[in-house]
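**Q** Those letters in the sequence shown? Residues 1067 to 1213, by the working numbering.
Hints in this document: simulated from the structure, not taken from any laboratory. Some hints could be false.
[Said to hold, decoys possible] In the DMTMM-like style, the derived pairs of lysine to aspartate or glutamate whose C-alpha atoms are separated by at most 20 Å in a straight line are:
| id | residue 1 | residue 2 |
| --- | --- | --- |
| 1 | Lys1095 | Glu1114 |
| 2 | Lys1115 | Asp1132 |
| 3 | Lys1077 | Glu1093 |
| 4 | Lys1077 | Glu1114 |
| 5 | Lys1155 | Glu1184 |
| 6 | Lys1155 | Glu1136 |
| 7 | Lys1155 | Asp1126 |
| 8 | Lys1095 | Asp1132 |
| 9 | Lys1095 | Asp1107 |
| 10 | Lys1095 | Asp1121 |
| 11 | Lys1115 | Asp1125 |
| 12 | Lys1077 | Glu1111 |
[Claimed, not checked] What follows is a list of derived Cβ distance ranges for each label pair:
| id | residue 1 | residue 2 | range |
| --- | --- | --- | --- |
| 13 | Glu1097 | Arg1068 | 21 to 31 Å |
| 14 | Ala1176 | Arg1068 | 43 to 53 Å |
| 15 | Pro1075 | Glu1153 | 29 to 39 Å |
| 16 | Thr1186 | Arg1079 | 34 to 44 Å |
| 17 | Asp1132 | Met1067 | 15 to 25 Å |
Just so it is clear, CB atoms sit at the ideal spot from N, CA and C, and this is done for glycine as well.
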Amino acid sequence: MRNALAHAPAKQRTAVAAMLKTIFAQETKAEAEAQWEVVADALREKQEKLGAFMDASRDDVLAYMDFPREHWTQIASTNPIERVNREIKRRADVIGIFPNDEAIVRLVGALMLETNDEWTVARRYMSLESLARVTDNADVRLPTVAT
């Protein structure tokens, strides 16, 4: 959304944002794609750059709709990744200067393992049942030991 709004004039950003939000309010991917075309055509008349940007980014932006509906909010949001990145930055700032590259890898690796354990056990990000519907492996279960 922010990338698209960067192509719109400052005075029209509120209206453009409202138009773009109608795309994400659709129930199915087909409806969203149809609404995308309507919005892109309307914007293309006044802002060629924004219309071209929308044409180029449609498949990438709507890719999350290929998954089950209960996953949409988790997939569409970058909040979990941003939270992990902030935690890496916070811990790296505490250390200050790393003696070598292996020290950085150890720190980031430990944080990734910690995050994986948290998402897998403590605060499951997606249920195993809903993940089983999108995998080829019907036998989805938690590992007995974290790898």
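**Q** Each hint needs a verdict: does it hold in this structure or not?
**A** Taking the hints in turn, this is what the structure says about them:
no.: 1; hint: Lys1095 to Glu1114; result: 25 Å, violated
no.: 2; hint: Lys1115 to Asp1132; result: 27 Å, violated
no.: 3; hint: Lys1077 to Glu1093; result: 30 Å, violated
no.: 4; hint: Lys1077 to Glu1114; result: 16 Å, holds
no.: 5; hint: Lys1155 to Glu1184; result: 19 Å, holds
no.: 6; hint: Lys1155 to Glu1136; result: 31 Å, violated
no.: 7; hint: Lys1155 to Asp1126; result: 28 Å, violated
no.: 8; hint: Lys1095 to Asp1132; result: 7 Å, holds
no.: 9; hint: Lys1095 to Asp1107; result: 18 Å, holds
no.: 10; hint: Lys1095 to Asp1121; result: 16 Å, holds
no.: 11; hint: Lys1115 to Asp1125; result: 18 Å, holds
no.: 12; hint: Lys1077 to Glu1111; result: 17 Å, holds
no.: 13; hint: Glu1097 to Arg1068: 21 to 31 Å; result: 24 Å, holds
no.: 14; hint: Ala1176 to Arg1068: 43 to 53 Å; result: 32 Å, violated
no.: 15; hint: Pro1075 to Glu1153: 29 to 39 Å; result: 37 Å, holds
no.: 16; hint: Thr1186 to Arg1079: 34 to 44 Å; result: 40 Å, holds
no.: 17; hint: Asp1132 to Met1067: 15 to 25 Å; result: 20 Å, holds
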